[in-house]
Amino acid sequence: PSNDTWNVKTNNVVISTLQVFNILGKQVMSLTPETTEVKIDASGLQTGMYIAKIGTTNGISNLRLVRK
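To convert, count from 1 in the sequence shown and add 1; that's this note's numbering.
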């Protein structure tokens, strides 16, 4: 859980796309970082659970994120 920032890091795999969705499935953020590590500013989001859809050269992964 995080108050304002989530850190997403891979093992030397470039994150090409990162989308964050709220629990209702609405996209609340979209990034194209092209790096192996991303800091996501969650300060503008309401408290609750979110799903990050992370696209890399290895495919797509989903990550559960919680904002306190």
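By construction, these hints were calculated from the structure, which means they are not laboratory data.
Hints are supplied without guarantee of correctness; some may be wrong.
For lysine-lysine, the following DSBU-like pairs were computed, each having C-alpha atoms within a straight-line distance of at most 30 Å [stated by the list, open to error]:
no., residue 1, residue 2
1, Lys69, Lys40
2, Lys10, Lys27
3, Lys27, Lys40
4, Lys10, Lys40
5, Lys69, Lys54
Using C-beta positions, here's what the derived DEER-type ranges look like [what the hints assert, rightly or not]:
no., residue 1, residue 2, range
6, Thr48, Val15, 18 to 26 Å
7, Gly56, Ile24, 14 to 22 Å
8, Asp5, Thr58, 15 to 23 Å
9, Gly49, Asn13, 30 to 38 Å
10, Arg65, Glu38, 27 to 35 Å
11, Thr18, Ser44, 16 to 24 Å
12, Gln47, Val15, 26 to 34 Å
13, Ile61, Lys27, 12 to 20 Å
14, Ile61, Leu25, 27 to 35 Å
15, Asn13, Gln47, 16 to 24 Å
16, Thr6, Gln28, 18 to 26 Å
17, Asn4, Gly60, 18 to 26 Å
18, Ile61, Asn23, 27 to 35 Å
19, Ser3, Thr36, 24 to 32 Å
Since the model is a prediction, treat every value here as computed from it, not as a measurement.
Beta carbons: idealized from backbone N, C-alpha and C, even for Gly.
So, going through the hints one by one against the coordinates:
1. Lys69 to Lys40: Between Lys69 and Lys40 the Cα gap is close to 17 Å, so the pair holds against 30 Å.
2. Lys10 to Lys27: Distance of about 24 Å is within 30 Å: holds.
3. Lys27 to Lys40: Judged against 30 Å, a Cα distance of about 21 Å means the pair holds.
4. Lys10 to Lys40: Status holds; Cα separation ~9 Å.
5. Lys69 to Lys54: At roughly 20 Å apart (the allowed maximum being 30 Å), Lys54 and Lys69 satisfy the hint.
6. Thr48 to Val15: 18 to 26 Å: Given range 18 to 26 Å: violated, Cβ gap about 31 Å.
7. Gly56 to Ile24: 14 to 22 Å: holds, 21 Å
8. Asp5 to Thr58: 15 to 23 Å: 29 Å Cβ-Cβ, so the 15 to 23 Å window is violated.
9. Gly49 to Asn13: 30 to 38 Å: For Gly49 and Asn13 the Cβ distance comes to about 32 Å; the hint holds.
10. Arg65 to Glu38: 27 to 35 Å: Taking Cβ atoms as reference, Arg65 and Glu38 lie about 19 Å apart, which means the hint is violated.
11. Thr18 to Ser44: 16 to 24 Å: For Ser44 against Thr18, whose Cβ atoms are near 22 Å apart, the range 16 to 24 Å holds.
12. Gln47 to Val15: 26 to 34 Å: holds, 30 Å
13. Ile61 to Lys27: 12 to 20 Å: holds, 19 Å
14. Ile61 to Leu25: 27 to 35 Å: violated, 20 Å
15. Asn13 to Gln47: 16 to 24 Å: Distance hint for Asn13, Gln47 is violated at roughly 34 Å.
16. Thr6 to Gln28: 18 to 26 Å: Because 19 Å falls inside the window, the suggested range holds.
17. Asn4 to Gly60: 18 to 26 Å: For Gly60 against Asn4, whose Cβ atoms are near 30 Å apart, the range 18 to 26 Å is violated.
18. Ile61 to Asn23: 27 to 35 Å: violated, 18 Å
19. Ser3 to Thr36: 24 to 32 Å: Violated, at about 19 Å.
When each numbered hint is compared with the structure, violations occur for hints 6, 8, 10, 14, 15, 17, 18, 19.
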